[in-house]
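Asker: Respectively, the protein sequence lines represent chains F and E. Quick note on our numbering: the first sequence kicks off at 75 and runs consecutively. Quick note on our numbering: the second sequence kicks off at 13 and runs consecutively.
Just so you know, not all the hints are guaranteed correct.
Calculated pairs, DSS-like style, for lysine-lysine (alpha carbon to alpha carbon, straight line, at most 27 Å) [unchecked claim]:
| hint | chain 1 | residue 1 | chain 2 | residue 2 |
| --- | --- | --- | --- | --- |
| 1 | E | 120 | F | 141 |
| 2 | F | 115 | E | 82 |
| 3 | F | 83 | E | 82 |
| 4 | E | 82 | F | 114 |
| 5 | F | 115 | F | 93 |
| 6 | F | 145 | E | 120 |
| 7 | E | 48 | E | 82 |
Just so you know, these hints were derived from the structure itself, not from any lab. Note that the structure is a prediction, hence the values are computed from the model and not measured.
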Amino acid sequence: DTAVSQTPKYLVTQMGNDKSIKCEQNLGHDTMYWYKQDSKKFLKIMFSYNNKELIINETVPNRFSPKSPDKAHLNLHINSLELGDSAVYFCASSPRLNGGNYGYTFGSGTRLTVV
Amino acid sequence: GQQLNQSPQSMFIQEGEDVSMNCTSSSIFNTWLWYKQDPGEGPVLLIALYKAGELTSNGRLTAQFGITRKDSFLNISASIPSDVGIYFCAGLTSGTYKYIFGTGTRLKVLA
């Protein structure tokens, strides 16, 4: 059983398209996150939700819109994709807001390539 | 913004050698985490540290929470080929709800 699962694993799309990445966790955690990892492997937080409520919204273009239908799911929708959006996007979850004793559990990532 | 610098940026070592890496910041942190990322996978938590001076082990891995609370260290003893990957530190400051990740140390082990 995968704890944090993301789909799709790979996504290749053209500039200007709209795409979504889905994330689900079966750990019963309250908090979920989206991180972006660039080509230099820097991990930067984009959003976090706690029990479906938006907690963190970093300086991310408003083309990126997270949606949390319930606390086990956090999806990421991206409008008008640009070349610079190419990266690996990681979903993560934690028992509560600050990670507690367990830090974050990460999914295996979605590699987005915009051509 | 806050930044965590990891050193070294990358390292090649021989199998069986011990490895040391560190993470430093200009800010004080209340919690330090160490993660490992294998190729094509997400980071996996290795060790968590919660107070200054704390020394915690997980198998061949040992991590320390620096006394100044501005740094942390990770040691790997008797490295093996499967230790290859990227090691990230992450720090949490009081009153915030997000971990800041370090720049990563890329480890390659030569058999």
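Asker: Against this structure, judge whether each hint is valid.
Answerer: Results for each hint:
{"no.": "1", "hint": "E:120 / F:141", "verdict": "38 Å, violated"}
{"no.": "2", "hint": "F:115 / E:82", "verdict": "22 Å, holds"}
{"no.": "3", "hint": "F:83 / E:82", "verdict": "36 Å, violated"}
{"no.": "4", "hint": "E:82 / F:114", "verdict": "24 Å, holds"}
{"no.": "5", "hint": "F:115 / F:93", "verdict": "22 Å, holds"}
{"no.": "6", "hint": "F:145 / E:120", "verdict": "38 Å, violated"}
{"no.": "7", "hint": "E:48 / E:82", "verdict": "21 Å, holds"}
Comparing the model with each numbered hint stated earlier shows that hints 1, 3, 6 do not hold.
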